[in-house]
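Participant: Based on the hints, put chain W with the ligands in the right spot on chain P.
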Amino acid sequence: MIISIASGKGGTGKTTVAVNLALSLKNVQFLDCDVEEPNAHLFLKPRIASQLKVHVPVPEIDEARCTYCGRCREVCAYHAIAVLPPGPAKEGSILVFPHLCHGCGTCSLFCPSKAIREVDKEIGLIEIGDAGPVSFIHGCLNVGEAMSPPLIRQVKNYMNPTKTVIIDAPPGTSCPVIAAVKGSDFCLLVTEPTPFGLNDLILAVEVLRKLSMPFGVVINRADIGDDKVETYCREQNILVLMRIPFDRRIAELYSSGIPFVLEKTEYRGQFNAAFNLIKQETAK
Amino acid sequence: MKTIVVISGKGGTGKTVVTGSLAALAKNKVMVDCDVDAADLHLLLHPRIIERHEFRSGHTAAIDGDLCKKCGRCLAVCRFDAIKPDFSVESFSCEGCGLCSLVCPHGAIHMQENVAGEWFVSDTSYGPFVHAKLGIAEENSGKLVAKIRQVAKELGEKNRADYVIVDGPPGIGCPVIASLSGVDCALIVTEPTLSGIHDAQRVIDVAGHFHIPVKLVVNKHDLNHGMTSRIEAFCREQNIPVIGKIAFDKTVVASMVEGKTIVEHVSGAIKEELCKIWEGLKI
Ligand code: SF4
Ligand code: SF4
Chain P
1 MIISIASGKG
11 GTGKTTVAVN
21 LALSLKNVQF
31 LDCDVEEPNA
41 HLFLKPRIAS
51 QLKVHVPVPE
61 IDEARCTYCG
71 RCREVCAYHA
81 IAVLPPGPAK
91 EGSILVFPHL
101 CHGCGTCSLF
111 CPSKAIREVD
121 KEIGLIEIGD
131 AGPVSFIHGC
141 LNVGEAMSPP
151 LIRQVKNYMN
161 PTKTVIIDAP
171 PGTSCPVIAA
181 VKGSDFCLLV
191 TEPTPFGLND
201 LILAVEVLRK
211 LSMPFGVVIN
221 RADIGDDKVE
231 TYCREQNILV
241 LMRIPFDRRI
251 AELYSSGIPF
261 VLEKTEYRGQ
271 FNAAFNLIKQ
281 ETAK
Chain W
1 MKTIVVISGK
11 GGTGKTVVTG
21 SLAALAKNKV
31 MVDCDVDAAD
41 LHLLLHPRII
51 ERHEFRSGHT
61 AAIDGDLCKK
71 CGRCLAVCRF
81 DAIKPDFSVE
91 SFSCEGCGLC
101 SLVCPHGAIH
111 MQENVAGEWF
121 VSDTSYGPFV
131 HAKLGIAEEN
141 SGKLVAKIRQ
151 VAKELGEKNR
161 ADYVIVDGPP
171 GIGCPVIASL
181 SGVDCALIVT
191 EPTLSGIHDA
201 QRVIDVAGHF
211 HIPVKLVVNK
221 HDLNHGMTSR
231 IEAFCREQNI
241 PVIGKIAFDK
251 TVVASMVEGK
261 TIVEHVSGAI
271 KEELCKIWEG
281 LKI
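Going down the list, the sequences are from chains P and W.
Residues in the first sequence are numbered from 1 upward in steps of one, following our numbering.
Residues in the second sequence are numbered from 1 upward in steps of one, following our numbering.
No lab work stands behind these hints, which were simulated from the structure alone.
Predicted model, so just to flag it, every value in this text is computed and none were measured.
Misleading hints may appear alongside valid ones.
Straight line, CA to CA, 16 Å or less: simulated EDC-like cross-link-like pairs of lysine to aspartate or glutamate [said to hold, decoys possible]:
(1) W:K158 x W:E118
(2) P:K210 x W:E90
(3) W:K2 x W:E279
(4) W:K250 x P:D247
(5) W:K245 x W:E272
(6) W:K2 x W:E157
(7) W:K133 x W:E54
(8) W:K84 x W:E54
(9) W:K133 x W:E51
(10) P:K156 x W:D81
(11) W:K250 x P:D130
(12) P:K182 x W:D81
(13) P:K26 x P:D130
(14) W:K27 x W:D123
(15) P:K264 x P:D247
(16) P:K163 x P:D130
(17) W:K250 x P:E206
(18) W:K133 x W:E118
(19) W:K133 x P:E206
(20) P:K114 x P:D185
(21) P:K182 x W:E90
(22) P:K45 x P:E127
(23) P:K53 x P:E122
(24) P:K228 x W:D81
(25) W:K245 x W:E273
(26) W:K147 x W:E118
(27) P:K114 x P:E60
(28) W:K27 x W:E264
(29) W:K260 x P:D226
So here's chain P without its partners, still in its complex pose (with noise of 0.2 Å):
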């Protein structure tokens, strides 16, 4: 079974609930796919056994052979590539850049010359271990690197279908939640009671129902803010899976990097309370 966690807006608590329910369940492989601000690892803080760098394919131009035609650039779909070419006075030039490039392969197929080739460009690294019982897998992007989703794809290239893996997406509704979640049999959305989080649940609820995946809620911090979430839910029939209540104490630990089941172990009955109703949700 594979498990997403969720949320439009970033801050209800998405880590917490993927953290404290991977601690709650047995056999769990654990993914942080929030690859821009991975954070899972600062509370379950896992022993890391080994690391690997994740590399993206750009093209390298082979300047002796260019002719400058021009055909990488007309069909390079994200203006990744520019050629001047060669005038009475000056030479020609050829410049790639690797922001801006996604990968496709598309320039380096269509080079009348042969003149592309494709190297890799670091983009991030994995890192694999364990944290307790809890095996553990996350993705970390390099500072000042633009895209995630090939390094999301790439962290969950490490699944282990053999055990409930619970994968903490990024926050937002766009590519790289597409990314994470894609692939899974239940996603979990987290929310907290406020107008902004009703407003970014609706969103996430949207992609959901896009992608045609079954979901349900978490309402984070359930008793601070409205009961606007709670009418929205029940109006849409979204199965409600959990209510955390606002308790300084978890917000304390989670500030220090603290699951709050370890403290607070009656949570854990909860959350395989919510577990089973995955399953049931999920033999439908």
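Facilitator: Same frame as chain P, now just chain W with the ligands:
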């Protein structure tokens, strides 16, 4: 005209709440919400939309079933697993590179332009506001951010505004980079948690990478005094001014529920602190 962007790395640190208060405190400015993925600032500023524009960006492959001979060339070349075995395109996965349409020997694939979202110019009681809504599950949020920043800049120049104030997105990826490029100052709103510190450090590094000066605010500073001291210590080390510390207060949530900016909803210490933050931010 100066541009200030408010970012946080981690979501939920109170970035938009701070930006909302700046909207109420700063005079003669243009507000921009660059968190196009999950925009929230409009919930505080209550815009009246004046202009509405489509945001067209990127392409998606479309296969014409009548022309397709199922030769499999497209499937073999697509690096994004966007072509399904039944020769339909999974639009979520398609990055719009166009390789499939170039290699298809039967001309069965053409590239369709995406309507990737909408952007708006609005009027609010705090002045002009430029905002956007990225289509669900769309990419190119960085381009949409660049677009609305451009619009805000032109509007600001036309109005002879003193400031453009930008609410930035979470994370450190393409929309954040687009929000940061060329601004005069980045205000980082963080919280005294391990994750808050970790993410603030990363976003400070991104700002450094693009040579953007940084100032910092600690929100909910009294939730963990030890962590707050750690933030202050690393800011000292890196010469980052800490221009304010906001205490944890449930009335902040209450003001959000009311759809008001905090400075208008509360008085006392929090309001004073926010005024101090704005004074510290002025350039
Ligand atoms: S690999 Fe694709 S995106 Fe990169 S430069 Fe070549 S054509 Fe452009
Ligand atoms: S346009 Fe590129 S990403 Fe989209 S289906 Fe064709 S080859 Fe794949």
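Participant: So if I understand the rule, the pair passes when the alpha-carbon distance is 16 Å or less; does K2 (chain W) with E157 (chain W) pass?
Facilitator: With a Cα-Cα distance of about 11 Å, the restraint between K2 (chain W) and E157 (chain W) holds, given a limit of 16 Å.
Participant: Is K133 (chain W) within 16 Å of E54 (chain W), Cα to Cα?
Facilitator: Since the Cα atoms of K133 (chain W) and E54 (chain W) sit roughly 10 Å apart, the hinted pair holds (cutoff 16 Å).
Participant: Given the hinted pair K147 (chain W) and E118 (chain W), is their Cα-Cα distance within 16 Å?
Facilitator: Holds, at roughly 11 Å.
Participant: Can you confirm whether the C-alpha distance between K2 (chain W) and E279 (chain W) stays at or below 16 Å?
Facilitator: Roughly 14 Å separates the two Cα atoms, so the pair holds.
Participant: Taken at face value, is the distance from the CA of E264 (chain W) to the CA of K27 (chain W) at most 16 Å?
Facilitator: Cα-Cα ~15 Å, so holds.
Participant: Measure nothing beyond the straight line between the CA atoms of K156 (chain P) and D81 (chain W); if it is 16 Å or shorter, mark the hint as holding.
Facilitator: 14 Å, holds
Participant: Against the 16 Å threshold, does the CA-CA distance of K158 (chain W) and E118 (chain W) hold or violate the hint?
Facilitator: Distance of about 22 Å is beyond 16 Å: violated.
Participant: With the threshold set at 16 Å, check whether the alpha-carbon distance from K114 (chain P) to E60 (chain P) stays at or below it.
Facilitator: Holds, because 11 Å separates the two Cα atoms, which is no more than 16 Å.
Participant: When you check the alpha-carbon spacing of K84 (chain W) and E54 (chain W), does it fall within 16 Å?
Facilitator: 29 Å, violated
Participant: Can you confirm whether the C-alpha distance between K250 (chain W) and E206 (chain P) stays at or below 16 Å?
Facilitator: Since the Cα atoms of K250 (chain W) and E206 (chain P) sit roughly 30 Å apart, the hinted pair is violated (cutoff 16 Å).
Participant: Verify the proposed pairing of K260 (chain W) with D226 (chain P), using a straight-line Cα cut of 16 Å.
Facilitator: 14 Å, holds
Participant: K250 (chain W) and D247 (chain P) were given as a pair; does the straight-line alpha-carbon distance stay at or below 16 Å?
Facilitator: 12 Å, holds
The structure fails to meet hints 1, 8, 11, 17, 20, 24 from the earlier list, while all remaining hints are met.
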